[in-house]
Structure formats: C-alpha cells, structure tokens
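Start from the sequences, fold in the hints, and give me the full structure.
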Amino acid sequence: MNINHAASCFRGILARESLRFLNQRARFFAALVRPLVWLFIFAAGFRSVLGVSIIPPYQTYVLYEEYITPGLLGMIMLFNGMQSSLSMVYDREMGSMRLLLVSPLPRWFLLLSKLLAGVGVALLQVYVFLLIAWFWEVRPPVAGYFMVIPALILSGLMLGALGLMLSSFVTQLENFAGVMNFVIFPMFFASSALYPLWRVRDSSEILYWIANLNPFTHAVEFVRFALYLEFNWQAGLITLLCTLFFLAVAIWGYDPLRGFLPRKGGAAA
Amino acid sequence: MTADTNASLSARNINFSFGRKPVLDNVQIDVPNGKFVALLGQNGAGKTTLFSIITGLYAAHGGEISIGGFDLRKNTQQALGSIGVVFQRPTLDRDLTVRQNLRYFCNLHGISAADAHQRIDNALAGYGLSDLHKRKVTQLSGGQQRRVELVRATLHDPRFLLLDEPTVGLDHANRMEFVSNVKALCKERSLGVLWATHLMDEVEDADYVYILHHGKILFEGGSGDLLETHGKNSIAELYSHLTSKQADAKSL
Numbered sequence: 001m002n003i004n005h006a007a008s009c010f011r012g013i014l015a016r017e018s019l020r021f022l023n024q025r026a027r028f029f030a031a032l033v034r035p036l037v038w039l040f041i042f043a044a045g046f047r048s049v050l051g052v053s054i055i056p057p058y059q060t061y062v063l064y065e066e067y068i069t070p071g072l073l074g075m076i077m078l079f080n081g082m083q084s085s086l087s088m089v090y091d092r093e094m095g096s097m098r099l100l101l102v103s104p105l106p107r108w109f110l111l112l113s114k115l116l117a118g119v120g121v122a123l124l125q126v127y128v129f130l131l132i133a134w135f136w137e138v139r140p141p142v143a144g145y146f147m148v149i150p151a152l153i154l155s156g157l158m159l160g161a162l163g164l165m166l167s168s169f170v171t172q173l174e175n176f177a178g179v180m181n182f183v184i185f186p187m188f189f190a191s192s193a194l195y196p197l198w199r200v201r202d203s204s205e206i207l208y209w210i211a212n213l214n215p216f217t218h219a220v221e222f223v224r225f226a227l228y229l230e231f232n233w234q235a236g237l238i239t240l241l242c243t244l245f246f247l248a249v250a251i252w253g254y255d256p257l258r259g260f261l262p263r264k265g266g267a268a269a
Numbered sequence: 001m002t003a004d005t006n007a008s009l010s011a012r013n014i015n016f017s018f019g020r021k022p023v024l025d026n027v028q029i030d031v032p033n034g035k036f037v038a039l040l041g042q043n044g045a046g047k048t049t050l051f052s053i054i055t056g057l058y059a060a061h062g063g064e065i066s067i068g069g070f071d072l073r074k075n076t077q078q079a080l081g082s083i084g085v086v087f088q089r090p091t092l093d094r095d096l097t098v099r100q101n102l103r104y105f106c107n108l109h110g111i112s113a114a115d116a117h118q119r120i121d122n123a124l125a126g127y128g129l130s131d132l133h134k135r136k137v138t139q140l141s142g143g144q145q146r147r148v149e150l151v152r153a154t155l156h157d158p159r160f161l162l163l164d165e166p167t168v169g170l171d172h173a174n175r176m177e178f179v180s181n182v183k184a185l186c187k188e189r190s191l192g193v194l195w196a197t198h199l200m201d202e203v204e205d206a207d208y209v210y211i212l213h214h215g216k217i218l219f220e221g222g223s224g225d226l227l228e229t230h231g232k233n234s235i236a237e238l239y240s241h242l243t244s245k246q247a248d249a250k251s252l
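Residue numbers (our numbering), protein chains in the order written: chain A, 1 to 269; chain B, 1 to 252.
It is possible that part of the hints are untrue.
[As the list claims (entries may be wrong)] Distance condition first, Cα-Cα at most 20 Å in a straight line; then the derived EDC-like pairs of lysine to aspartate or glutamate:
1) 183(B) x 204(B)
2) 136(B) x 65(A)
3) 134(B) x 17(A)
4) 136(B) x 17(A)
[As the list claims (entries may be wrong)] Not everything, but these chain B residues come out facing chain A in the computed CB check (under 8 Å):
5) 56
6) 59
7) 63
8) 91
9) 108
[Stated by the list, open to error] Computed spacing ranges between beta-carbons, pair by pair:
10) 126(B) x 137(A): 55 to 65 Å
11) 25(A) x 233(B): 50 to 60 Å
12) 117(B) x 3(A): 42 to 52 Å
13) 4(A) x 20(B): 52 to 62 Å
14) 244(A) x 112(B): 43 to 53 Å
15) 198(A) x 117(B): 56 to 66 Å
To be clear, the hints were calculated from the coordinates, so they are not data collected in a lab. Think of the CB as a built atom: it goes at the ideal place given N, C-alpha and C, for glycine as much as any other residue.
Here you go:
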C-alpha cells in the first residue's frame, strides 16, 4: 500500500464526512441536544437525590452533573458510532458504499479510515458539548480537555467498530434501526454512565455484573479518568481489546471471500 | 471470443451462488481494448452479480478474472485501479457539490490535489458540465448526474469501463446521448467497455454481444454475425428469438 495514496484516501474520507456533517445542520443539533437534555433536565432534577460521594478519579464530593458528563461524552460517541454505521447500511443500499469498497486500497484500511473519520466528527460534537457544559459549571481541569482526546478516540473507535460489525451482519436498513435500539439503550443504561457501579451493586448484584461486562462501562470510565488526569489501565485495556475484536469481526464481515453479504444476497444481488 | 492476454477484461469460468441457488454458471467474458461489448440479459439474469464479482464486492466461487492484465485475486488493488465503474444506482453523494464528489473520488484513487483540480476541470469541460461544478447533486437533472458519474469513472485513466444499466430512469434522448458519450470514450482512449443492459436499442451496433440468460452465456458473437446467422434485423428481435427458443427447449 502506497503511503501517499493511503493518506490521500483518508483525507478524502475525512473531508467527505465533515462536509456531510456540516451540510446536515439538523443532525449536528440533534446530536448535541440529546446529551444537553440529560445534563440540563435529568441531572438537575436528580442532583439532590444522586450526588456522588468521593470516588476515584474525583478528589472531592461532586455534583451529579459533573459525574454524568463523561457518561454523556460516551453517549455522543455511542450515538455517533451507531449513526455512522447506520449511514453505512444506507450507503450500501443506495450504492455509495460500493464506490468506497471498489477503491484500490485494502478493505481493512478503507473501513478503518471511515471509522476514524466518524470519530473525528464525533470529537467536534464532544468539544461543543464540553464548552456548553463549562457554562453549566461542569469544569474539569484544563489539561483534562487535552488528556481525554486519546481516550475519546479509542472509545469512539470501539463504538464505531461495534456499529460496523453489526452493519456487516444486517443487510436491510429497516432491520438495522431495530438493532440500534436493541443495542444503544441497554448499553447506555446498564453502564456506569448515569450512576457509579457501587450504587448499582447496592440495588442489584446481577445488574452490577452486567454493567461490568458491558464494554461501554469501560469506555466511559476510561474517558472519566482521563478527563480528570488519571489513567485507568484496566478500562483502557478492555476498551482496546474490544476495539480490536469488533474491528476484526467487522473486517471479516465485509470481506467478500468470507463475509455474510454475498451469502444473504446483500445489496448488489 | 478467444482469450486475449492484453484484454481490458478477461473473466474465465466464473461460478457463483447465493446459498444453494446458482446465479452464475461457468461464465466467460472477454473485453478487448477499444471495443464496446454489450452484456444483454433480463432482470435477474445475473448481470449485477457478475459486475459485483468483477469489482471485487463479491468473491467468485470459481474461475479467474484479469483486469488490465492484473489478476483480481492476486493483484486486487492494481486490478481495481484499472476499472472505471458506473453503477446501476446513482452513487454521487447528494449532500455534496459536483466538484466535491469528484475530489472525493480523486482522493480515493490517490490523485494529488493539483492534478485532481486539472483533471476535473478538463473532464467537466469535455462534457459541457463546467458550469455545474459548484452545484449540489440534488440540483442536477438525472441525465446530468449520469454524465457526472461518467466523468468520475474516467478521472483516474482506467483501462476498462464497466457500466451496469447506467441509463435506467433516463428519457430516450438522454439515454442516446449517454451511449454516444461512452462510445466516443471507447474509441478515443482505446478503452474496453462492458455495458450491461436490457434495453436493446442502446447496443444495436456493439462490437460484440453476450447474452446472459439465467446465469449462463446463452449466445455470443459480433452483433452483425449474430444477426446474419439467425436471420434477424435487430438485436431486440434476435434477443427475443434466442431467449424464447431457450424457454421452449426447457418446457419440452
């Protein structure tokens, strides 16, 4: 693979995703409104009930808004990853995915580039959200805004790869919308995004273990610790391993020699 | 057509099935450089599946494909880099302008920014589309969109052009204009062209004709030779004659 060609290809995919995103302003606002509703309404309403005592990475007692902010960053990455893979199913049905897949570069590189471009767009949303949250007095350390970037990229890649993997199994747009609901909501609610795991354990031991097995929990914790200038090795390692696993299955799923698309008749039948 | 090692496309013994349902059975197709080759077949004959195999979207269950001299399995990237494709469904990004769509394609093919700019300007001018370069795809007519797709398919100087029912949805005048554009390209650039269609009037004077029926090549030959041999006046008549003969043979 020629490095200049690969760089040119990645630039093209990134530019396309960014332009599409900027041209679809409604999508931008919708993506932003969702976590803001949680921050302004849900968190404010539950502040007195759900204040969080001193647990790592926090150095002091924190307000509930501050606690759920990393979870809401995870929410942005989760919805973006699923949205991106939904658009892949749509593109595959409409045909523009074919243009990408018949390009003269390895398929794994094309899929990884598409994922990274999607993460780039999600990062933009994350920082706009963090800016608004700052005015809402959610103010992590300034260095945390930079330290969190690698954690956000890895988490975004993991969630995007999960969506990509699911899209390689699902050949019809209508079915994929159902799969998304089946994945997004259990993943988000059965995690540490909204409440710390020790609190979950108090009420349900089973839910605690489910949340522990949920990759989204580890992505959120990885982001939470990074935002407060700490490195959570365990969460980072699990997020990395899940990313590699989802990505490998997705690439396998999109491989014409072994994948599911031809067997089911896919879009090109 | 006999195997030609310098052919734009050479597909030998291609087999493919969806589960247990065979879709392509021992298909052989050659497209020499500078020739306009028609692939005729009704809906469901296997044309789109064959095109998906040639473009590497599906992997054939048997057989070999060489494009521009590159083996599709062993030298996938070089082979794919030699193809220009116009898909059956429009694949332009509707949220982007014409130029943004063409730049995206150039990026995918590793064409540098300066070179891409020049190529896009020249290609659009060649088709009288220069004025449209800043327009969003949604503002173009169906015929204009198809011509932009043809421009896009040739930006990287392919050796072989693959068109899968590219005129679906266009009116007669636009269809004929599109056909003549492709034929001109075929001659000027010595491009091998494989044109799949079920609209016979588009391929009346093709250099060579393959008739794909239920996943098999039913007949092949130069269009003039085929018409003469079967005593028919047009490709449409010939196609109807050959496929109905096949249906009669099956019913017996």
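Going through the hints against the structure:
1. This hinted pair checks out: residue 183(B) and residue 204(B) have alpha carbons roughly 12 Å apart, not beyond 20 Å.
2. Restraint check for residue 136(B) and residue 65(A): the C-alpha separation of about 42 Å exceeds 20 Å, so the hint is violated.
3. For the given pair, residue 134(B) sits about 18 Å from residue 17(A) by alpha-carbon distance, which is consistent with the 20 Å threshold.
4. At roughly 16 Å between alpha-carbon atoms, residue 136(B) and residue 17(A) fall within 20 Å of each other, so this suggested pair holds.
5. Proximity of residue 56(B) to chain A holds as hinted, the smallest CB-CB distance being about 6 Å (cut-off 8 Å).
6. For the restraint placing residue 59(B) at the interface with chain A, the shortest Cβ-Cβ distance is roughly 4 Å, inside the 8 Å limit, so the hint holds.
7. Because the beta carbon of residue 63(B) sits about 14 Å from the nearest beta carbon in chain A, more than 8 Å, this interface hint is broken.
8. The restraint placing residue 91(B) at the interface with chain A holds, with a minimum CB-CB distance near 4 Å, inside the 8 Å limit.
9. The interface hint given for residue 108(B) holds, since its Cβ lies 4 Å from the closest Cβ of chain A, which is under the 8 Å cut-off.
10. Range check, residue 126(B) to residue 137(A): Cβ separation about 60 Å, and the 55 to 65 Å hint holds.
11. For the pair residue 25(A) and residue 233(B), the supplied restraint of 50 to 60 Å holds, since their beta-carbon distance comes to about 58 Å.
12. Residue 117(B) and residue 3(A) have their C-beta atoms about 22 Å apart, which leaves the hinted 42 to 52 Å range violated.
13. In this structure the hint that residue 4(A) and residue 20(B) lie 52 to 62 Å apart at CB is violated, the actual value being about 45 Å.
14. The beta-carbon spacing between residue 244(A) and residue 112(B), approximately 33 Å, falls outside the hinted interval of 43 to 53 Å.
15. Between residue 198(A) and residue 117(B), the C-beta spacing of about 59 Å keeps the proposed range 56 to 66 Å intact.
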